[in-house]
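**Student:** Listed below are the residues making up each chain.
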Amino acid sequence: MSELESGLRLVGITKQFGPFIANNSISLTVPTGCIHGLLGENGAGKSTLMNILSGLYQPDEGKIFLDKKPIDIKTPADAIKHGIGMIHQHFMLVPQLTVVENIVLGSADSLRLNIKAQAKEITQLGKDYGLEVPPLARVGDLPVGIQQRVEILKVLYRQARILILDEPTAVLTPAEITAFLQVLRRLAARACTIIFISHKLDEVMAVCDEVTVLRQGNVVATRAIAQTNRTELARLMVDRSVEINTRPIPQSAGKVILNLKNVWANAAAISAQSKTHAILALRGLSLQVRAGEIVGIAGVDGNGQRELADAIAGLIPIQKGTIEIGSEAAAQQPIAYIPEDRQQQGLILSFSIAHNLILKAFSKLPFCRRWILQRAEIAAHAKSAIQTFDIRAASAQLKAGQLSGGNQQKVILARELAGEPGVIIAMQPTRGLDIGAIAAVQQSLLAQRSRGAAILYISTELEDVMAMSDRLAVIYRGQLVDILEASSATLEQVGALMVGSTEIKESLATAEKLETGVSPEVKALETNSSATKGKGERL
Amino acid sequence: MSSIDFLTDFLSACLRLTVPLAFAAIGGLLSERSGVLNIGLEGLILTGAFASAAVAFSTQQVWLAIAIACCAGALMGWIHAYLCVSLNVNQLVSGLAINLTAAGLTTYGARLLFNTGTVALPPLSSLPIPVLQHLPILGVFFQQDLLFYLLLLLLPASTYGLFHTQWGLSLRAVGNAPKAADTAGVSVARIRYVSVILCGALCGLAGAYLALVHVQFFAENMSAGKGFIALAALIFGRWHPVTTTLACLLFGATEALQLRIQAFGLNIPYQLLAMLPYITALFALAGLAGKATPPAALGLPYAKEKR
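Chains as they are written, first to last, in the numbering used here: chain B, 1 to 539; chain G, 1001 to 1307.
It is possible that part of the hints are untrue.
[Claimed, not checked] Under the rule of at most 25 Å between Cα atoms (straight-line distance), these lysine to any residue pairs were calculated in the SDA-like manner:
hint, chain 1, residue 1, chain 2, residue 2
1, B, 116, G, 1165
2, B, 399, G, 1165
3, G, 1179, B, 492
4, B, 74, G, 1086
5, B, 399, G, 1187
6, G, 1179, B, 229
7, B, 81, G, 1090
8, G, 1179, B, 345
9, G, 1179, B, 432
10, B, 81, G, 1165
11, G, 1179, B, 203
The set of hints was computed from the structure by calculation and includes no laboratory data.
Values in this document were obtained by computation on a predicted structure and should not be read as measured data.
The shape of chain B in the complex, shown without the other chains (with noise of 0.2 Å):
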């Protein structure tokens, strides 16, 4: 590997942000034509290195060599003079701009921009590759999938010949996955080499030849992908052994906490990026979830999970229909929310971890006497919950905005968990977290659900949702197609119900299965034995 004689190669990178260093002296090869995935928790690194590959960081020390030359990467232009084009996690596309503005954005080779012939050369371009955009369509409201081919096309548009992928499958649906992976394999066979990044052990497993595993801003292995299996890359990445799928055998369930009626709202605010979800609302959605269990909703995301959760928490009307929530559960705190956007609407980014900690209860006992923040009360208060919950930070004042994605989901989840809810709705609550903050996160609402709490968890990410659940509900368009025991469902059934390709049955039907349930014990030995199962398929 040490004599490549084309490919990119990189030595010896460093790269510090103030005290913190992000990449410490990293070197890495790759031959052309290969696929190379990047694996590493968050904050190991991966996201920090390809920036600097890609021109948007300069790094403090070290060597880049495209084919044998040393090259230069002072700016995202350098980058694409070199062949260097980067897929970033978050879109970098312009929302209110066509999807042939943004391909052709910074390409300049004339004055006039000729948006006619220029849609007709990406059409062409996307059929030759598998990547079939609308060219006039606005990049803002067009979905998730389709503004990701964008990102791709506009690299290939470049006639980029290194291609960094940074976390591509986060936001797409199962089918689209696996679509988007046979793509990747078609850019190889074209010379085109590619860096995959990701933390998602299977994809890099499917699609990698080769594979490095970066840990706090430091190489720690690269392997041949046919010399190493997931077990291996899993112990490298996080350096402790990790508990996965260990739930314990659910106690039968309790009475119905929360109930839905045929209901039937309107969309939530319409969110910045994309209008397609205003157009989603839900459509008489009936659901039951009793003490103690844990519902999952799987569905692609946009197809009501937002507005579901909103209604429940009361944060948008209801135009039809009823929602009850338990009567034995409306305490002092009767709902818990773990809202989608941890640092948008869970997090106040630029207020204290202790002042976070209090957003619900800053105004009442003992937090607060006569007008006045008790600031003693405030530190115990925040001192506890960091312990109970094991949030990284060295001091309680220190801004939410500060933590990682994983701790600010624990400050999150210790605000929320701290009245002892009896209905607690989780949105996407392990998205974009690492092994090990996503097994806090699970281990958390397994104790609540132990304790007696009504669970409703959504997510897009199938497998995530399917190991948490006691039942699971998919939804489509607004409308729960189907609910499953979570241990009989098998990954294709669900995936087929997520893109709405049964029939959609009758509510009354689901209502009907929703009564009978099954009981506990049955449900219980399910649960176990197709746990293991699962585990053994996958290692």
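Starting from the known structure of chain B, fit chain G onto it as the hints suggest.
**Tutor:** Same frame as chain B, but now just chain G:
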């Protein structure tokens, strides 16, 4: 006065009042489309007005005066760009500073230079177009000066530039999603500098028109809120050159109308009438609330190595 005469007179007043607004508004539009908020239009106009007046007064060269006004505006624009783009100063504060500085400097300069009181300046002669200038009513469009015709050229040029060239695409991208533009290889800083300097130059022209064509003398703070009206016009015109110019025409017409009403000698306090254009602007914007979407990155400085 016959009604035709009145109409002709009214229309020509409309145009006279619209031209400086439109120059400033199109300039502001370029700046804002690139993501740099520019409430300094007022100060930029004033700078242009003073520079042109000073040069015209001392050299009697009208065209030189216009060129210098353009440069002075561009220079002030460069200062705004330097503060906002290179130093990441809050764009509101920077714009405000430009307004205050321009007001102070021009007042000081005017007292030094025109110490004899108001001085008549050499006029910019009009350039009537043969035949067409004799049309009834519409003829006023063809008896204007070169700056007016320049504005007419600027309209299609800026529209084409914004929507059909790489430069315009980069400008719109930078104003909406600077990071995306940066990763696509567009230099955010360069685009913003160019737009803000162009904005300054156009405001300089607006000022020159005001001083040399409209009133032909320099008065302290003679821009009298025109920069803010232009700002309102570009929002009302939704950041599009054509609609923005039409919005300017609306505000210009309101101003012309209130001047006419004053002349009729109705029993209304003139202060109330003088408010008319501003009130129109207020209502226009209130009616538009929530409908106009400004460039997404407007007013946000773009720092490269942000984490």
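**Student:** Each hint: holds or not?
**Tutor:** A quick look at each hint next to the structure:
no.: 1; hint: B/116 - G/1165; in the structure: holds, 13 Å
no.: 2; hint: B/399 - G/1165; in the structure: violated, 44 Å
no.: 3; hint: G/1179 - B/492; in the structure: violated, 38 Å
no.: 4; hint: B/74 - G/1086; in the structure: holds, 18 Å
no.: 5; hint: B/399 - G/1187; in the structure: violated, 32 Å
no.: 6; hint: G/1179 - B/229; in the structure: violated, 37 Å
no.: 7; hint: B/81 - G/1090; in the structure: violated, 34 Å
no.: 8; hint: G/1179 - B/345; in the structure: holds, 23 Å
no.: 9; hint: G/1179 - B/432; in the structure: holds, 21 Å
no.: 10; hint: B/81 - G/1165; in the structure: holds, 21 Å
no.: 11; hint: G/1179 - B/203; in the structure: violated, 28 Å
When held up to the earlier numbered hints, the structure conflicts with 2, 3, 5, 6, 7, 11 and fits the remainder.
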